[in-house]
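> Between the sequences and the hints, there should be enough to build the whole structure, so can you do that?
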Amino acid sequence: DQQVKQNSPSLSVQEGRISILNCDYTNSMFDYFLWYKKYPAEGPTFLISISSIKDKNEDGRFTVFLNKSAKHLSLHIVPSQPGDSAVYFCAASPLHYSGGGADGLTFGKGTHLIIQP
Amino acid sequence: GAGVSQTPSNKVTEKGKYVELRCDPISGHTALYWYRQSLGQGPEFLIYFQGTGAADDSGLPNDRFFAVRPEGSVSTLKIQRTERGDSAVYLCASSPGRNNEQFFGPGTRLTVL
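If you read the protein sequences in the order shown, they are chains A and B. For the first sequence, the working numbering gives the first residue as 1, with consecutive numbering after it. For the second sequence, the working numbering gives the first residue as 1, with consecutive numbering after it.
Derived by calculation from the structure, the hints in this document are not laboratory data. Among these hints, one or two may not hold up.
No more than 16 Å apart at the CA atoms, straight line, and that leaves these computed lysine to aspartate or glutamate pairs for EDC-like [unchecked claim]: (1) 15(B) - 83(B); (2) 11(B) - 63(B); (3) 68(A) - 24(A); (4) 109(A) - 83(B); (5) 5(A) - 44(B); (6) 17(B) - 71(B).
Sample of chain B residues lacking proximity to chain A, with all beta carbon distances greater than 12 Å (derived) [to be verified]: (7) 13; (8) 18; (9) 20; (10) 71; (11) 84; (12) 101; (13) 109.
Yeah, the Cβ is synthetic: ideal placement off N, Cα and C, and Gly gets one too.
And the structure:
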């Protein structure tokens, strides 16, 4: 049973436009969420994170939104650039700020983002 | 500074053989993680070390899988009697502490024929 779900295997966006990647989770114990970006033959690279005490976190062109009641988060990339083409993974961790967990991350299956010129 | 390194980058073995995969974490990182990524899936947690000890090995699929980190730095993932279903990319990550961002290595692609 997938506890972190990325329902769009792929997404195609025109260069300069906004890319929105979505992620849903089922485990209510998750309280820390991360987005990773992965190029072929490389390991995932950390992009941005958000804790459950916030509903938004912004870093340059990347913004993550968290809707706890809906158990949903999204990553916005504005403006999208060709170098953003990659697979994006949503990941989650439980009990982060209470110090009880944050051992292994639970990942979604990823969304392949393609930025078209 | 150097990132997480993993060797070998590719490993092809025959069913039933024993393999060892090595991870060199970022210097000074106390936490080390192993994940497995099968085709079309996200990384799946296997085991977490804090220092030399395995703090959480709940993700290891069975007793054919074992990992060590004897000096609190380099870690080795060991797989006995390999099966075709073990074919995957094995990723290692390290972090400065338990509740910090994890930095991933490039992975070892294991193919069991």
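> Would you mind marking each hint as holding or not holding in the structure?
A quick look at each hint next to the structure:
1. 15(B) - 83(B): Holds - the C-alpha atoms of residue 83(B) and residue 15(B) are around 5 Å apart, at most 16 Å.
2. 11(B) - 63(B): violated, 21 Å
3. 68(A) - 24(A): holds, 10 Å
4. 109(A) - 83(B): Roughly 23 Å between the alpha carbons, so the hint for residue 109(A) and residue 83(B) is violated.
5. 5(A) - 44(B): Roughly 13 Å between the alpha carbons, so the hint for residue 5(A) and residue 44(B) holds.
6. 17(B) - 71(B): Violated: residue 17(B) and residue 71(B) sit about 26 Å apart, past 16 Å.
7. 13: Its Cβ never comes within 12 Å of chain A, the nearest being 20 Å, so this holds.
8. 18: holds, 25 Å
9. 20: holds, 19 Å
10. 71: holds, 21 Å
11. 84: At roughly 21 Å from the nearest Cβ of chain A, residue 84(B) sits farther out than 12 Å, so the non-interface label holds.
12. 101: Non-interface label fails for residue 101(B): nearest chain A Cβ at 5 Å, not farther than 12 Å.
13. 109: violated, 9 Å
Hint check: violations occur at hints 2, 4, 6, 12, 13; the rest are consistent with the structure.
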